[in-house]
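Q: Line order of the protein sequences matches chains Z and H. For what it's worth, my numbering labels the leading residue of the first sequence as 1, then goes sequentially. For what it's worth, my numbering labels the leading residue of the second sequence as 1, then goes sequentially.
Careful, some of the hints might be misleading.
[As the list claims (entries may be wrong)] As a list, the in silico DSS-like pairs of lysine-lysine whose alpha-carbon atoms are at most 30 Å apart: (1) K13/H <-> K57/H; (2) K57/H <-> K70/Z; (3) K16/Z <-> K70/Z; (4) K16/Z <-> K73/Z; (5) K16/Z <-> K116/Z; (6) K73/Z <-> K3/Z; (7) K3/Z <-> K57/H; (8) K70/Z <-> K3/Z; (9) K73/Z <-> K13/H.
[Stated by the list, open to error] Some chain Z residues flagged as far from chain H (calculated, every beta-carbon gap over 10 Å): (10) A18; (11) Q57; (12) G62; (13) S65; (14) R95; (15) K104; (16) P117.
[Stated by the list, open to error] Residues on chain Z that point at chain H, a partial pick, calculated with CB under 7 Å: (17) M45; (18) F47; (19) F107.
Because the hints were derived from the structure by calculation, they are not lab data. Don't be surprised by glycine CBs; every beta carbon is placed ideally from N, CA and C.
The chain contents come next:
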Amino acid sequence: AQKITQTQPGMFVQEKEAVTLDCTYDTSDPSYGLFWYKQPSSGEMIFLIYQGSYDQQNATEGRYSLNFQKARKSANLVISASQLGDSAMYFCAMREAGSSNTGKLIFGQGTTLQVKP
Amino acid sequence: KAGVTQTPRYLIKTRGQQVTLSCSPISGHRSVSWYQQTPGQGLQFLFEYFSETQRNKGNFPGRFSGRQFSNSRSEMNVSTLELGDSALYLCASSPFGTADQPQHFGDGTRLSIL
């Protein structure tokens, strides 16, 4: 069954340091997409980064990179040089490619990140 | 390019009433998905529409329904509201709803049931 697990309910990081948010997933579909989203306290969900199951290289977007370990079924988000504005809830999500999953993202429970000045 | 627009931002209703939420996707996006977010259950998929057709539906009772118009705008309706329907309702759009396309979310509608 498709499932996303984020084991860190909350994390602290010092400003300007790097932080890794963990995400493991479970799927039997060989084709899938993995996504990370940021949700500030105001509520909007902001797309950060995408990794396809067949991508050979780890995805990067500015200060965000995704450490994709397919055999371990993990897709950790790395934020480099943390900023105060990075304080938010972070969600890992997956979309299987099967036709019964159109438009359906499965989300983890989220990790609350607090950046300390 | 304008983002996903959800209206209204906030709603207060009482039990037994019904409510309609609106979502305007990013221009050119034809897939619209709806999610419910609560502290206890997290983010749960409600349904997805594409070209005015519901292609996928989550595990919610029939009180939750939706539709999509020819301009890709979508509405979600909840009838006979219950206290447990209090949640943040998020709408997301993507070009075709495929696994390689990120969904872009609106700011959400926060629904409170008294």
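Q: Would you say G62/Z is clear of chain H, with no C-beta pair closer than or equal to 10 Å?
A: About 15 Å separates G62/Z from the closest Cβ of chain H, which puts it past 10 Å; holds.
Q: For a C-alpha distance cap of 30 Å, please report whether K73/Z and K3/Z respect it.
A: Within the cut-off at roughly 11 Å; holds.
Q: Hint check: K3/Z vs K57/H, CA-CA at most 30 Å. Holds or violated?
A: Status holds; Cα separation ~17 Å.
Q: Regarding the hint that M45/Z lies at the interface with chain H, is the smallest CB-CB distance below 7 Å?
A: 4 Å, holds
Q: Over 10 Å to the closest beta carbon of chain H is the bar; see if Q57/Z clears it.
A: 15 Å, holds
Q: Using 7 Å as the Cβ threshold, decide whether F107/Z counts as touching chain H.
A: 4 Å, holds
Q: Is the nearest CB of chain H more than 10 Å from the CB of R95/Z?
A: 5 Å, violated
Q: Is it true that the CA of K16/Z sits at most 30 Å from the CA of K116/Z?
A: This hinted pair holds, its Cα atoms lying about 9 Å apart.
Q: Is the interface hint satisfied for F47/Z? The criterion is a beta-carbon contact with chain H at less than 7 Å.
A: 5 Å, holds
Q: Is the Cβ of P117/Z more than 10 Å away from each Cβ in chain H?
A: 27 Å, holds
Q: Hey, K16/Z versus K70/Z, does the alpha-carbon distance stay inside 30 Å?
A: Holds - the C-alpha atoms of K70/Z and K16/Z are around 29 Å apart, at most 30 Å.
Q: Regarding the pair K16/Z and K73/Z, is the alpha-carbon distance no greater than 30 Å?
A: Holds: K16/Z and K73/Z sit about 29 Å apart, inside 30 Å.
Going through the hint list in order, the structure does not satisfy hints 9, 14, 15.
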